[in-house]
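Student: Protein sequences appear in the order of chains F and X.
At position 112 of the first sequence the residue is numbered 134 (this note's numbering), and the sequence of numbers has no breaks.
At position 200 of the second sequence the residue is numbered 1366 (this note's numbering), and the sequence of numbers has no breaks.
It is worth saying that the hints were derived from the structure and are not from the lab.
Beta carbons are placed, not taken as given, at the ideal position from N, Cα and C, and that holds for glycine.
Nothing false has been slipped in among the hints.
Below, a list of computed lysine-lysine pairs in the DSBU-like style, where the Cα atoms sit at most 30 Å apart:
#: 1; chain 1: F; residue 1: K184; chain 2: F; residue 2: K161
#: 2; chain 1: F; residue 1: K115; chain 2: X; residue 2: K1608
#: 3; chain 1: F; residue 1: K184; chain 2: F; residue 2: K266
#: 4; chain 1: F; residue 1: K209; chain 2: F; residue 2: K86
#: 5; chain 1: F; residue 1: K115; chain 2: X; residue 2: K1470
#: 6; chain 1: F; residue 1: K209; chain 2: F; residue 2: K161
#: 7; chain 1: F; residue 1: K266; chain 2: F; residue 2: K86
#: 8; chain 1: F; residue 1: K266; chain 2: F; residue 2: K209
#: 9; chain 1: F; residue 1: K266; chain 2: X; residue 2: K1631
#: 10; chain 1: F; residue 1: K86; chain 2: F; residue 2: K161
#: 11; chain 1: F; residue 1: K184; chain 2: F; residue 2: K209
#: 12; chain 1: X; residue 1: K1631; chain 2: F; residue 2: K86
#: 13; chain 1: F; residue 1: K209; chain 2: X; residue 2: K1631
#: 14; chain 1: F; residue 1: K266; chain 2: F; residue 2: K161
#: 15; chain 1: X; residue 1: K1605; chain 2: F; residue 2: K115
Simulated coverage check for chain F against chain X, where a stretch passes if three residues somewhere in it have a Cβ under 8 Å from a Cβ of chain X:
#: 16; region: 80-87
#: 17; region: 96-103
#: 18; region: 218-224
#: 19; region: 239-250
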Amino acid sequence: MDSTPDRTPAPPRVSQRFGSAWRVVRSRRSLILIALAPIFLAGCQVPTFGAYRGATTQGRDAFKLWQGFFIAGLVIGGFVLLLILWAVFRYRKRSEEIPRQSQYHRLVEILYTVVPLIIVSVMFVFVVITENEVDATPKGQVQVQVTAFQWGWQFYYPATGKVVEGETTEAPQMVVPAGETINVSLKSADVIHGFYIPQFNYSRYAQPGTVNHFNFNILHNGVYRGQCTQLCGLYHSLMLFSVKAVNPAQFAAWEHNVPSNNATIGQLKARIKAGGPGA
Amino acid sequence: MTDVIIPVDTVVGVAPPLVTEEHVSHAHEEHGPSGILKWLTSTDHKVIGMSYMITSLALFYVAGIMALVLRLQLTSPNASVVSFQQYNELFTMHGSLMLYLFAGPFAFGGLANYIVPLQVGAPDMAFPRLNALSYWLYLTGSITMMLGFVVAGGAASFGWVAYAPLSSATNSPGAGGDIWIMALILTGFSAIFTGVNLVGTIFYLRAPGMTMFRMPIFTWNMLVTGILILIAFPVLTSALIMLFCDRHFGTHIFSVQGGGSPILWQNLFWFFGHPEVYILALPYFGIVTEVLPVFSKKPVFGYKGMVFATMAIAALSTGVWAHHMFTTGLVLLPFFSLLSLLIAVPTGIKFFNWIGTMWHGQLSFTTPMLFSIGFLCAFLMGGVTGVMLAAPPIDFFTHDTYFVVAHFHQVLFGTAVFAGFAGLYYWYPKMFGRLLSDKLGKWHFWLMFIGFWVTFMPQYEVGLKGMPRRVASYPPNLGWQIYNQISTVGAFIIAISFAILLWNLWISWRRPVLAGDNPWDAHTLEWFTTSPPPHHNYTHLPPIRSERPTWDYNHPEAPSIVGHGEGKRLEKAKLS
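Next up, chain X with everything else stripped away, as it sits in the complex:
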């Protein structure tokens, strides 16, 4: 890019209406039934998105409480808060709820469902009924998974990765395992349908003027996430069906006795599992890329670099699954180490872009901004230790220890929680037309930020000292107890911060503070419509001539200046 791009038509008038006055007058009325029937029957992406968010947040709290029980068990070497069996069930369900039922669905079922059609100027998702089916499958799957606790023998207890042959009928008998498999097949289909819907919506329902390279980064990331879902989830669903057949029909796909191969499960699972990590991360990268520019009052630094970095991460993520399996000794190929290391490059590009976006900006530290900066710090730490784990000789002695536990919690907590709640605080005014209390939001942030470091930093150290993960007890003479106790204190600090979030939501529900349509002076299209948006989202659209149509509309005097040095030269020439 060598020239300054200023929108051709800087005279911003009212855009031609998409619908006639007649439609507009009806647009604000509720279509269809109201009340509980609306939630049960709606195919509106906003209602479904909201249902997704409420369900996944509820499951997040449930899984969080499980984490507290796990942490309590570890405060002393031989605690009996729960039995060994209950402990194994609890960490299995904690992981399953957090990864399969919260972090993913909250992003691609909740936020993306609500925001993506708004960001591209569409009236709804491409397949509204499929969207509703997605949600109901997800809800059914979630309830099914929770039901594991009430069957004889208890819930699944083979970890969220269900390694064969531990997950076989012989080693894990009982309905708990079957229920877990069924629940994941249901939510797996739900994710696949949502992936189809996201990709379809983004490719076919963009408003006039919304070219691919004018889409907000969040939408870009959801497109790539949707494609990754279509690559990864069918593999998981197939593998789960194979596992079910192994458990019930004697297919011996994963059992040595029948000529099968336990390692096949790991290959299939991680072929899903590593793209899944980025299915969980990319949407949250997108949120941060929406929040940072708005509160820095600047455009995204390297928009196209961001898009290509996202694609590079997605592409690389399909070729690194075996780094979860280095210690099997069977897939110990330098290829997987190299590709895993290479992921650091596009991730680094993202980091420098986020920093570049803040550079020379006017940063205001609202709650969403604080959470985004918290994400940067948390993800940086998780990313650095991730690079270490990409080296097999280092992975050998950290694999399956608390070092890895600390690493992936920092990565996933950094994305799904820090960035996820940045998104919640950021888009809450859009969804409800109300503001959340900034003061309580800051309490939430700082407590969570402190709790986060207190919880996970000691886990690195105790992992390096040799404490394995998924243990309900540990030898008392190794000095591990103090690290575990500090970690437990941190977990409770995090828990308090989430009580504050509930309080914040409650207050905004009881004593609403009206937000107006665009309280943040945000950039992207969704902030052009009313808050909350009308039934079909838009009565009229602004001209879309850049990545920031709402900003261009509100600030015709301050368009993006492309090309750093060149822009300055041109300006100087204009001045002289």
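The following block holds chain F by itself, in its conformation from the complex:
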């Protein structure tokens, strides 16, 4: 904004009001700090900002985008917040005098329209790049067909015909090899469910009538918890599962040993109905 003095001589602010002067200095310093924050942060390890780093290559990509968006949000949000705070502290009422009744400032108006447009366009480019990486579904080594139902999961391995399933009382575990590309196809037997593995930074709806396809490339062995995110009825909060990533050799052994469990989802649901979750 314009800094030309008001119509009347400015009140002796700085000399008499050390409090406000200090606030001025302090807010300027924090402005600089926040503006420089990304540079400092880039020097060392960029923090996670609360999110998981991502246990899959896809999750890693999403995580990087998250970091970028978070830093952008921090800088832009911080800048706007400082402007608000500056206006609130600097222009608080000091006299009964009516301030200059000025409106409009063409340059400022153009700036605050064009600059955000540019920022948003740049962000969009990164969004599209990341989305293409995350959503790519090349053919992988292992296929798993996931079927969600009220209130549990069925994991079917078409290559060997093996099935793992479970519901609220015994959360099922999907075992897959780490380091290989896993093709997941996801559908639902009844209502819409959400297939969500927090550490993979990924979720997708399991829907009746349509099949969703996506890939995982898990980086390290481990057990990763998962949960239904989309409200699916009474026991939505108990609809848990997990993914266990093992070495390819261990996976082959597991696949060989897993008992053939051919219960259909219909039978499973009947069992749940008879016993009731938590029974």
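Chain X: place on chain F using the hints.
Tutor: Okay, now just chain X, sitting in the frame of chain F:
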């Protein structure tokens, strides 16, 4: 704009009376019946607006108490404050009451109904009887929705979005769901009628001199809101009728078994649902744009920029519905991401305008001003996280988690509550001729402001850790409990702040402090008439030559100066 615009006629006399002395003497008398019969039969926009506000505030408190029960349930991983079924009913009703019955109706049925005719210098809404019908439909719908709790099987429990096929007759049997649908059809029609009324009033009943670009921003935003209502609500009402037919007449519109499509419900619902978000936001943006200039003693910084930003937001809001559906995988088009990101631009324009309005002003921190600044902070946070959610790869792992819960609560709490109560404190003297206690108002604000951050900030973090929304229990070993407990403490701080508001209202009712007609030295037309206004609002009007007729009338020496640098040059020339 290159020149200084000073009202041509700076000699401000008494405007020619609109009505004769005879009428004036009757104007202050009550027309029609009084007492309870007045509330039942009135077609006066002020009475209807008041009824709307009282009803929606009562529902706000009810929904708030539901939120407290939900928060209590989450203080420990396996609490049994309520059963799973009750929990699902409670969050469904909390969302439905807050979104359909409070945030919207409080703004477009309550405040706008009361204020818009006053701001444009009209004696009433364009269709007073339709207006009354709106209110009675709304009240009937609200009562219908509450009745869900007393039917067998309980209230609707499929969430406020009622996703098919969870909302089908098989998956959600019982009258609760039907009652919910019927209630929303009733309130949906009520909203449509109010939209018609607002648009009609603003287009046809403006006082002489009140051109479109002299309307207060609040009225502008209500015009755009009215148009958005007409775009969005018919879609919801139609979709609800389809859902009802699916539940009862076997139409299979949303069920796979009959060749229907569950995703169609989401497309229809969010085609309503996202404009609805702005139906809930734009009126509140308008309130803030009324409050900030008054307490900064300056005109709105970029008035026209504000108007165009509002229109841009409304236009974009009709093309972003699928960002609620990224994780369906079926509408994963970059188009929806781009349009969602673009909404940040006009919203940013609004932010800079609000800041520009305060810049070089003389800010007095009355209660409405504090609530408006609170809105700026809250909405800024909600807006920044909203931009993150517009990116599908980020949405994938935050969708349906507490991250999203925190985001939309910060946005909606920021608008409907911070800005909404800024409006209540601001216009209360206009409606009753009494002041609310500023001291209690500040207690209300600060408690609510603190409670707001304590409640919602931990929800972002617990959401990123993987806690889904709408869960009645959670695994105990994941460290989620502490975040939930902090959040619950915050919710109770907010609750205390709203007890203070009740106390404040009670005091002003019992021991009124008279406000006078224009206690804030406000700018817009509604402050020209008496507080409370007479039956048909105005006995005479000031000359309307700018966006601020009342200010021009009271401060003929300080008109708006358009064009920043140019204005200064001209002034310098005048001085030398």
